[in-house]
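K.L.:
Take 147 as the starting number for the sequence shown in this note's numbering and just add one per residue.
Just so you know, the hints here were simulated from the structure itself, not pulled from any lab data. One or more of the hints may lead you astray.
Under the rule of at most 30 Å between Cα atoms (straight-line distance), these lysine-lysine pairs were calculated in the DSBU-like manner [as the list claims (entries may be wrong)]:
hint, residue 1, residue 2
1, Lys166, Lys148
2, Lys165, Lys148
3, Lys166, Lys149
4, Lys187, Lys165
5, Lys149, Lys165
6, Lys168, Lys149
If you anchor each label on the Cβ, the simulated ranges turn out as follows [claimed, not checked]:
hint, residue 1, residue 2, range
7, Ser164, Gln184, 25 to 35 Å
8, Ile173, Phe151, 46 to 56 Å
9, Glu220, Leu189, 22 to 32 Å
Every residue gets a Cβ at the ideal spot worked out from N, C-alpha and C, and that includes glycine.
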Amino acid sequence: MKKIFLLFTVLLITSACSKKLKETVGISTAGPNEYQVQRAKALEVPPHYYLPDPGHSKTTYSNVKGQGEFNEGEQALMQDMN
Numbered sequence: 147m148k149k150i151f152l153l154f155t156v157l158l159i160t161s162a163c164s165k166k167l168k169e170t171v172g173i174s175t176a177g178p179n180e181y182q183v184q185r186a187k188a189l190e191v192p193p194h195y196y197l198p199d200p201g202h203s204k205t206t207y208s209n210v211k212g213q214g215e216f217n218e219g220e221q222a223l224m225q226d227m228n
């Protein structure tokens, strides 16, 4: 019972302590400083994606896929697109 009372008392006392003491003991951590925020690097698209050039007006599935044979489902979709 004494241990529980002592623990409760310590928690009560430390809750009333200053922020600096709490950070020293390790009870709370400091938040980020909004004046030291850095800009993130710009996102880059990896070159291995087969994306069409932005200048082309019409893009078809065959341009994106590249070489290869179409299966039955892909052929049906190509016929529906045309």
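K.L.:
Is it true that isoleucine 173 and phenylalanine 151 lie within 46 to 56 Å of each other by Cβ?
P.N.:
violated, 20 Å
K.L.:
Regarding glutamate 220 and leucine 189, is the given constraint of 22 to 32 Å on their beta-carbon distance met?
P.N.:
holds, 31 Å
K.L.:
Mind checking the alpha carbons of lysine 187 and lysine 165 for me, to see if they're no more than 30 Å apart?
P.N.:
violated, 34 Å
K.L.:
Keeping to a limit of 30 Å between CA atoms, is the pair of lysine 165 and lysine 148 held or broken?
P.N.:
holds, 28 Å
K.L.:
Is 25 to 35 Å a correct range for the gap between the Cβ atoms of serine 164 and glutamine 184?
P.N.:
holds, 30 Å
K.L.:
Quickly compare the C-alpha distance for lysine 166 and lysine 148 to 30 Å and report which way the hint goes.
P.N.:
holds, 29 Å
K.L.:
Are lysine 149 and lysine 165 close enough, with their CA atoms no more than 30 Å apart?
P.N.:
holds, 26 Å
K.L.:
Please verify whether lysine 166 and lysine 149 have alpha carbons no more than 30 Å apart.
P.N.:
holds, 27 Å
K.L.:
Tell me if the straight-line CA distance from lysine 168 to lysine 149 falls inside 30 Å.
P.N.:
Given pair lysine 168, lysine 149 holds - Cα atoms ~22 Å apart, limit 30 Å.
Of the hints listed earlier, those the structure fails to meet are numbers 4 and 8, in rising order.
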